[in-house]
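Asks: Residues per chain are reported as follows:
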Amino acid sequence: MFSRDNWKEIFETIQKNKLRTFLSGFTVALGILIFVVLFGMGNGLVNTFEEFFGDDATNVLYVFPGRTTVPYKGYKSNRAIEFDNSDLADINKNFAMFIDYATPRISRGGLVKYKSESNNYTTRAVGPAHQYAEKTIMMKGRFLNEEDIRNSTKYVVIGRLVENDLFGSENSLGEYIDVAGSAFMVIGVFQDDGGDNEERLIYMPYTTRQLIEKNNDKIDQIIVAFKPEIGYAGAMALDRSLDRFFREKKYISPDDQSGVFIRNVADQLKQQQQFARVLQIIVAFVAFGTIIAGIIGISNIMVFVVKERTKELGIRKALGATPKSVISSILLESVFITTISGFLGMLLGVFILNSLGEKLKDYFITNPYIDITMAISATLVLILFGAIAGYIPAKRAADIKPIEALRDE
Amino acid sequence: MIEIKNLHKSYKMGSNSLHVLKGINFSVEEGELVAIMGSSGSGKSTLLNILGMLDVLDEGSYTLDGVPIKNLNETKAAQYRNKFLGFVFQSFNLINYKSAMENVALPLYYQKVGRKERQEKALKYLEQVGLREWADHLPSELSGGQKQRVAIARAMAAEPKVLLADEPTGALDSTTSYEVMDLIQKINDAGNTILIVTHEPDIADMCKRIVHLKDGVIVEDKKITQIRASQYV
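Listed in order, the protein sequences are those of chains A and B.
The numbering of the first sequence is full-length UniProt numbering, which starts it at 1 and goes up by one.
The numbering of the second sequence is full-length UniProt numbering, which starts it at 1 and goes up by one.
Only chain A is shown next, with the shape it has when bound in the complex:
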């Protein structure tokens, strides 16, 4: 069955029937190509969703003050709510059971200068735990610590791109930079996976910021990280209790939509993940539809091929071809073509996915890829079904009496 002679015969048949070869090869190659590309795009979509959250901790709640819209307990509406250090202390005291850490964040923009270089950057005044909330990765030096908070030190930790902008290739550690008129010493440089903007930030102790701003105790927002073991339900419960706590403490009506806001990353993440999963299922469904269409396509072509060759097969049988040799030559031919073109289509698809990379990021597709095992098994499935689909008409052709086949004009 696999002798060199048989293969030579098959190659000759393939070479001399180019249209037939092209049709079956094209169907298979196209089917696999579309499958690989679609499936890869689905993965790219999921990548994008994961990236939205990948650079931040997912066990955190962001608490922001707002402006009231409903009068409550003798207070007028349109009152600005403000957080201060006592709120942070209260959270640490009342919710100690559930939370890992809580850190304030005060964001300010400002001109930052070093020697002749200057630029505008956002400065975040935070606590030490902020490093975990943003998954800030230290490249050199250290992050802010409790000591810095207690002493309101004039230290800053700068992003990789801030160092790039201001210092070029020079070392920034221990150097002093001018942040909105005050001199701060650089004690660390960090990087962040969240993109360029996240690496153009400057961190300083929140107590230092409060000292600069007339020694007040105001806080912009509070980031609360819950203990992962309380789970999703626990996080939702903590979300509700924090909401209740602030409404009570700040005299905000329970019906007020904008007195206080809590952004629950865990909840958002869960929703987005579900959305991504549904999208992936839809894409996978379409991709498998493509494979099935490919199988149907190759089956049709096999029927056509066998029909077209009926007379030739009759001649071959009259000359002494056994049914087995008829079937095996048809099948070997089709498996050979589908294998070559299937893998070509697969490689082309993988190549397209690789070359796309970040180019479709605007369409929420990041680094589309396909598991190579998945791609190969899909190709093999198509080849296998092509062979099965080819076997049926081949068997029928082999069973036709040569006299009938020869009569077939």
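It is worth saying that the hints were derived from the structure and are not from the lab.
Careful: at least some of the hints might be erroneous.
What the hints assert, rightly or not - Okay, derived cross-link-like pairs now, DSSO-like style, lysine-lysine, Cα gap no bigger than 30 Å in a straight line:
#1 Lys8/A / Lys124/B
#2 Lys324/A / Lys222/B
#3 Lys116/B / Lys361/A
#4 Lys12/B / Lys8/A
#5 Lys208/B / Lys395/A
#6 Lys12/B / Lys324/A
#7 Lys18/A / Lys12/B
#8 Lys76/B / Lys307/A
#9 Lys311/A / Lys223/B
#10 Lys8/A / Lys98/B
#11 Lys395/A / Lys124/B
#12 Lys12/B / Lys395/A
#13 Lys76/B / Lys8/A
#14 Lys401/A / Lys161/B
#15 Lys161/B / Lys324/A
#16 Lys307/A / Lys83/B
#17 Lys112/B / Lys18/A
#18 Lys124/B / Lys16/A
#19 Lys8/A / Lys70/B
#20 Lys70/B / Lys324/A
#21 Lys223/B / Lys324/A
#22 Lys311/A / Lys124/B
#23 Lys401/A / Lys223/B
#24 Lys307/A / Lys112/B
#25 Lys311/A / Lys98/B
#26 Lys18/A / Lys121/B
#27 Lys98/B / Lys18/A
#28 Lys83/B / Lys116/B
#29 Lys121/B / Lys8/A
#30 Lys83/B / Lys16/A
#31 Lys121/B / Lys16/A
#32 Lys311/A / Lys70/B
#33 Lys98/B / Lys16/A
#34 Lys311/A / Lys12/B
#35 Lys70/B / Lys98/B
#36 Lys307/A / Lys12/B
#37 Lys112/B / Lys16/A
#38 Lys76/B / Lys401/A
Given the coordinates of chain A, work out where chain B should sit on it, guided by the hints.
Replies: Showing chain B alone in chain A's frame:
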């Protein structure tokens, strides 16, 4: 060489059954050149198909070169056809994407003869039919007579016991027909057994024996003096 006893064959046409061959007794010796004649519907092609193992008989017995031909599955039939028989058809039945040489070599491929030997043999038989220079041409580049000569070379390449020709000149003009008959006579002169189905009396006269079929029975079976086709060529 061929021994047929009390052969019956009928075809089912819906609920009716068409009795085509009604008790044929017939034998052919080695080296004979037999014409089977009859009007259309007389059963001559059916007889040839049964002789060629392209069709099966209902009743009776068929012995070919001492081997009883019965209860053959397709595989066995294919092997016997390959070993015992060479076919020549009215419509040539060459494989259109193979060159003359490849067509001639095909039965040898199914005999599992090596490639080199196949090509040598194919060229040898093309030489015999006078088409050595046309070996690399496709059937579409050949004339009708040339095609039939390639088909004859192909039938001979397997070195069969019996050559069966179904209206070999049916699609050819008379000059070409005589050329083909001349070739068939020469092959017969070399000792090969040949059966020809034809309805043309002049073709039949070029054989050594004529068997007349009518309505599924042999009505006449006579030896004749052969007319040589070479005198017309």
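Asks: Taking the hints in turn, state whether each one holds.
Replies: Now the hints, each set against the structure:
Between Lys8/A and Lys124/B the CA atoms are separated by roughly 22 Å; this keeps the pair inside 30 Å, and the hint holds. Taken as a hint, the Lys324/A and Lys222/B pair is broken in the structure, with Cα atoms around 42 Å apart against an allowance of 30 Å. For the suggested pair Lys116/B and Lys361/A, the alpha carbons sit about 61 Å apart, so the restraint of at most 30 Å is broken. A C-alpha spacing of about 42 Å is found between Lys12/B and Lys8/A, which places the hinted pair above 30 Å, so the restraint is violated.
Pair hint Lys208/B plus Lys395/A does not hold up; C-alpha atoms about 42 Å apart against a cutoff of 30 Å. For the proposed pair Lys12/B and Lys324/A, the alpha carbon gap of about 28 Å is at most 30 Å, so the pair holds. Restraint check for Lys18/A and Lys12/B: not satisfied, since their Cα atoms lie roughly 41 Å apart, outside the 30 Å limit. Between Lys76/B and Lys307/A the alpha-carbon distance is near 24 Å, which keeps this suggested pair within the 30 Å criterion.
Between Lys311/A and Lys223/B the alpha-carbon distance is near 36 Å, which puts this suggested pair outside the 30 Å criterion. A threshold of 30 Å between alpha carbons decides the hint, and for Lys8/A with Lys98/B the separation of about 13 Å falls inside it, so the pair holds. Proximity of Lys395/A to Lys124/B is assessed by CA-CA distance (about 35 Å); at most 30 Å being required, the pair is judged violated. With a C-alpha separation of about 24 Å, the suggested pair Lys12/B and Lys395/A falls inside the 30 Å cut-off, and the hint holds.
For the suggested pair Lys76/B and Lys8/A, the alpha carbons sit about 25 Å apart, so the restraint of at most 30 Å is met. Proposed proximity of Lys401/A and Lys161/B is supported: the alpha carbons are some 22 Å apart, at most 30 Å. Taking the CA atoms of Lys161/B and Lys324/A, the gap is near 25 Å; set against the 30 Å cutoff, the hint holds. About 28 Å separates the Cα atoms of Lys307/A and Lys83/B, which keeps this hinted pair within 30 Å; it holds.
In summary, the hint linking Lys112/B to Lys18/A is supported, as the alpha carbons are separated by about 27 Å, within the 30 Å threshold. Restraint check for Lys124/B and Lys16/A: the C-alpha separation of about 25 Å stays at or below 30 Å, so the hint holds. For the suggested pair Lys8/A and Lys70/B, the alpha carbons sit about 35 Å apart, so the restraint of at most 30 Å is broken. Distance restraint check for Lys70/B and Lys324/A: the Cα-Cα separation of roughly 20 Å lies within the 30 Å cut-off, and the hinted pair is therefore satisfied.
With a C-alpha separation of about 42 Å, the suggested pair Lys223/B and Lys324/A falls outside the 30 Å cut-off, and the hint is violated. Taken as a hint, the Lys311/A and Lys124/B pair is honoured in the structure, with Cα atoms around 27 Å apart against an allowance of 30 Å. The suggested pairing of Lys401/A with Lys223/B is violated, with an alpha-carbon distance near 34 Å, which exceeds 30 Å. Distance hint between Lys307/A and Lys112/B is fulfilled; the C-alpha atoms sit about 27 Å from each other, no more than 30 Å.
Distance restraint check for Lys311/A and Lys98/B: the Cα-Cα separation of roughly 14 Å lies within the 30 Å cut-off, and the hinted pair is therefore satisfied. Simply put, Lys18/A and Lys121/B have alpha-carbon atoms about 29 Å apart, close enough for the 30 Å limit, and the pair holds. Proximity of Lys98/B to Lys18/A is assessed by CA-CA distance (about 14 Å); at most 30 Å being required, the pair is judged to hold. Distance check on the hinted pair: Lys83/B and Lys116/B sit about 20 Å apart at the alpha-carbon level, within 30 Å; holds.
For the given pair, Lys121/B sits about 18 Å from Lys8/A by alpha-carbon distance, which is consistent with the 30 Å threshold. Among the hinted pairs, Lys83/B with Lys16/A is consistent with the structure: their alpha-carbon atoms are about 28 Å apart, no more than 30 Å. Between Lys121/B and Lys16/A the alpha-carbon distance is near 23 Å, which keeps this suggested pair within the 30 Å criterion. At most 30 Å may separate the alpha-carbon atoms for a hinted pair to count; Lys311/A and Lys70/B meet this at roughly 26 Å.
A hinted pair counts as satisfied when its Cα atoms are at most 30 Å apart, and Lys98/B with Lys16/A qualifies at roughly 8 Å. Of the pairs offered as hints, the one joining Lys311/A and Lys12/B holds, with about 24 Å between alpha carbons and a cut-off of 30 Å not exceeded. Only pairs whose Cα atoms come within 30 Å are accepted, and Lys70/B paired with Lys98/B is rejected, the gap being roughly 34 Å. About 25 Å separates the Cα atoms of Lys307/A and Lys12/B, which keeps this hinted pair within 30 Å; it holds.
With a C-alpha separation of about 22 Å, the suggested pairing of Lys112/B with Lys16/A holds against the 30 Å cut-off. At roughly 13 Å between alpha-carbon atoms, Lys76/B and Lys401/A fall within 30 Å of each other, so this suggested pair holds.
Hints 2, 3, 4, 5, 7, 9, 11, 19, 21, 23, 35 from the list above are not met by this structure, while the remaining hints are.
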